[in-house]
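Add chain B to chain A, keeping to what the hints say.
Chain order of the listed sequences is A and B. The first sequence begins at 1 in full-length UniProt numbering and counts up one residue at a time. The second sequence begins at 1 in full-length UniProt numbering and counts up one residue at a time.
Just so you know, these hints were derived from the structure itself, not from any lab. Check before you lean on any hint, since a few could be wrong.
[What the hints assert, rightly or not] A short, non-exhaustive set of chain B residues, derived as facing chain A with CB atoms under 7 Å: (1) T71; (2) L112; (3) L114; (4) M283.
[What the hints assert, rightly or not] Some chain A residues well away from chain B (every beta-carbon gap over 10 Å; in silico): (5) E12; (6) K116; (7) K236; (8) V287.
Remember, predicted model here, so these are calculated numbers, not experimental data. Every residue gets a Cβ at the ideal spot worked out from N, C-alpha and C, and that includes glycine.
This is what each chain is made of:
2 protein chains.
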Amino acid sequence: MKVTTLKDIANELGISVATVSKALKDYPDVNKDTKEKVLQIARKLNYSPNQLAVNLRTKQTKTIGVIIPTTVHHFFSKVIDGIIEEAEKKGYLVIILQSSEKLFLEKLQVNLLLDKRVDGILMSLSNKTNEFVHLKKVLSRNIPLVLFDKIEPSISCSKVRIDDKKAAYEAVSYLISKGYKKISHFRGDLNPKISNDRFEGYREALEDHGITYDPSLVYLCNNNTDFEDGYTNAKKLIRENPEVDSIFAITDLVAIGAIKYFNENNIKIPDDVAVFGFSNWFMSSVVSPALTTVHQPAHQMGVVATEILLNEIELNKENTPCIHKEVILPTKLILRESC
Amino acid sequence: MKVTTLKDIANELGISVATVSKALKDYPDVNKDTKEKVLQIARKLNYSPNQLAVNLRTKQTKTIGVIIPTTVHHFFSKVIDGIIEEAEKKGYLVIILQSSEKLFLEKLQVNLLLDKRVDGILMSLSNKTNEFVHLKKVLSRNIPLVLFDKIEPSISCSKVRIDDKKAAYEAVSYLISKGYKKISHFRGDLNPKISNDRFEGYREALEDHGITYDPSLVYLCNNNTDFEDGYTNAKKLIRENPEVDSIFAITDLVAIGAIKYFNENNIKIPDDVAVFGFSNWFMSSVVSPALTTVHQPAHQMGVVATEILLNEIELNKENTPCIHKEVILPTKLILRESC
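In isolation and in its complexed conformation, chain A is listed as follows (with noise of 0.2 Å):
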């Protein structure tokens, strides 16, 4: 990593180290146009105070950061064991931020984790994230990042993630085999990549078997696609299209929610309604009726992600290039009780 020197600033603007020193420290006995150059020049480099004493002692922390939008999600449980797990073997700490769902939290982390001088960061987006400054701000810097699961595709960085589209249709695609036909589905958030591509993945499922896609059959989870989403959309689900024969829910969690409802009106799954999971949370086995899921290799994303962000770190550190991958892991549907 090249980092900006108070002597880099110094050259620029072709006074001492001392002068740059000062005017950063905005001493009285330096003029104000010279602070005003030195801050602008400082701004260019992208120097940043606390250099000085990274400097001093070496230029990796042998730290990485992660940023991710929630812990209670088991799948992100799941992640952060392999992403520890790989960083440990290779001598490195993680440095873990929850931006519970917050695009300006998450903000505010990127630049705590730069001036932590973590040497890559991993990245799962929050639902709400729809501008990117701050990831680009990252590059800019010159610093390693590895997006995984939620992803943006414009971002020009390592990625690691599902086919989500595709385990989508190879779910609803499943549940047609079976003969259902009035297929709901309980949608994520309307942001996230994941959420359009798995919506998109049901839809096209339908349209390629011949059914009509109904948009009255698709609910929003925006509650943080958690429990209570799938219960209080089942719940609706009920009421307003009691014809309905199967949901394929974005998570696992929507659909433990949705079967509790159903097990408490004594509708029976899944004679009455199929369900359908997606992630293959260790607690679909045990719900009852077992859940029908798609596996989401989650321990397997953390690792793989941590191999490539150390990896670029360490070309980083050699001023090596590195070509950007795009890791695509297999999923599988995982048939139980409940459809």
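Only chain B this time, still in chain A's reference frame:
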């Protein structure tokens, strides 16, 4: 926070700040003896090189660090939500580190947080933490520390916890009041105070109600107190103690593992074996049969621990001495179908 400056070291030795600075950077024009003395004093005063940079900016970083054993337990995810909610209100960012129940990682993580100059630290100790030099180091640096859930009584800092012994005592007393006599305990790791307290509560409840304590009914969960522990111990229990009539499990995850085994093997809950959990994870209301358990106020624990920590950070900034608090949050029994 009183941080050691180059000047403190210079004063201690009666030499110039410039010499101290050069000595720490190992400049050739400072002699070896002086370098050694400077390093000695720097260590004695807990000087760390990037304090300089921190001092240049501000004495506060507006970040707090949290070290937890795992995020896989829903309990800790809820605690984290409480911590972030409270920290966000006061404008603090939260750095999370996961020790994965490893003492060596926990120690490295404490060093990392000190190095990253967090304003305060929240910790729930790993199951393997049986020495506390790293905690004393935090206190010696005058960084506020609050322990929660898995605490160490001998450390002089604020603590937020539940009364694990009392909660376990109440749970087992309830089982006895319902006529259960052969009560097994799936206990936690041998080291942490919470698992010993829950075990003691179990034993005392038996003895106070005239039931002889039988160590062969106690099963150890040492695989991260996980679902798998419950499953494999339930299998062993039925083989070794077929006359057992109930289980008091250290966590809901362990209880749900046992329920899965019983459901798979046509062992009726609660008619053949009753199951009592601990923590009131939201899934405990969804499994079949719904799990009777102890409600543990996870979110509130996060909020309260953070309130105390931020208050101590404020006092610390003003150099006002603070009196450590020990807050014990109330628990309650949640009676469902499994008992």
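Task: Index of numbered hints that the structure contradicts, given in increasing order - done: Per hint list: 3, 6 and 8 violated.
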